[in-house]
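Engineer: Sequence:
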Amino acid sequence: MFSESENHQAHGLSGGTTDSSDTHTPLYMTAAEEAVDELERVSGVHPGYRRAHARGFCCRASFLPSGKAAPFTTAPHLQDREVKAIVRFSGSSTDPALADLLSPAKGMAVQFLLPDGGHSNMVGVTVPVFFARTPESFMEMLTTLNRTKTGQMPKSEALRRFARHFSESRQSLLALKRLKPPASYATNLYYCIHVYMLVDADGRRRPVKFEWIPDSGVQTLSIHDAAAMPDDYLERELELRMLAQPPSFKLSIVFGEEGDPTHDPTKRWPSDRKRIDAGRLVLLEPIAEPQGLVMDPTAITEGIALSDDPILNFRRDTYAESLKRRSGGH
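Start counting at 1 in the sequence shown, then tack on 20, and there's your number in my numbering.
These are computed hints drawn from the structure, not numbers from a lab.
Built from N, CA and C at the ideal position, the CB exists for glycine as well.
Incorrect hints may have been included.
No farther apart than 30 Å at their CA atoms in a straight line, the calculated lysine-lysine pairs in the DSBU-like style are these [said to hold, decoys possible]:
#, residue 1, residue 2
1, Lys197, Lys270
2, Lys287, Lys169
3, Lys197, Lys169
4, Lys104, Lys294
5, Lys270, Lys104
6, Lys344, Lys104
7, Lys200, Lys344
8, Lys169, Lys344
9, Lys344, Lys88
10, Lys197, Lys175
11, Lys270, Lys200
12, Lys88, Lys287
13, Lys175, Lys200
Label-pair restraints from in silico Cβ distances [stated by the list, open to error]:
#, residue 1, residue 2, range
14, Glu177, Ile233, 41 to 51 Å
15, Lys169, Ser82, 38 to 48 Å
16, Asp136, Thr170, 41 to 51 Å
17, Ala183, Ile307, 37 to 47 Å
18, Phe275, Glu322, 11 to 21 Å
19, Gln311, Ser82, 19 to 29 Å
20, Lys169, Leu194, 19 to 29 Å
21, Leu118, Ala308, 15 to 25 Å
22, Gly237, Leu118, 18 to 28 Å
23, Gln239, Ala325, 26 to 36 Å
24, Asp136, Ala247, 43 to 53 Å
25, Ala183, Pro91, 38 to 48 Å
26, Asp297, Thr170, 46 to 56 Å
Just need the whole structure built from these sequences, with the hints factored in.
Structural biologist: This is how it looks when you write it as structure tokens:
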């Protein structure tokens, strides 16, 4: 949808959200460059770190598929053969120094290492929906937040703009409000908020969502107990937990039905949808983050296809732009 060669004015990302007094935006800029610029304005530039989910903790892992997904997809990691994986846990903040408690939503990204040497990614977070329906609304909310914070936009105008997007961001905001501090990275339910298509051997496509369900159950802390923890308590806890017993997650695949939205990451599907247990992920040991690791949720293998979700498709170029900047020391 947004290629590297297209400029921001073609999509209204800057023309619709940038005040005429803003003289810092180049005349021509890709949508991905503009999005990463706005992410950098949230807490500043932190050289060498991602522009979102900045601080992470990586583990070596193993995924054993149950085989129950095999009739619906040719994806090699969902057949009957165990595959290796890299798992990265993170907070959602753009600031790598922010305490775990102050970054409410957590992330779990899994990179399956496929037998042919390729890989397939799956990215989950602890809220079931995203706050923006399109890249345009994502950019308007982000730029509004940044300009209000720096005094470039009156609060009355900011409120008017946020109100315009309230219907799409409401479910995400409610989910964030309900979040409690996790006891561990290993005791969260992680939702892969975008819809994908499973593709079987005959080419039939079925819409699905993925969820990672912790085998140890969801466990949380009170605000009081979490406030007494070290800033990086989740990393420390997970290291100790892996020494005692390898934590694990079940991969649940949820099948959509006729009328379930595939293009809108702000909407949930009904809770009665069919699901299958597609396999079990076991965390084995901590590892240093591999250089150049990119958990792009659009980097997927055969047997899985992207849906028509514009936010999902937009993420490819923004991940690439973030990697380019952090690899260059910015």
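Engineer: Where does the structure disagree with the numbered hints, that is, which hint numbers, in rising order?
Structural biologist: Hint check: 7 and 9 fail, others pass.
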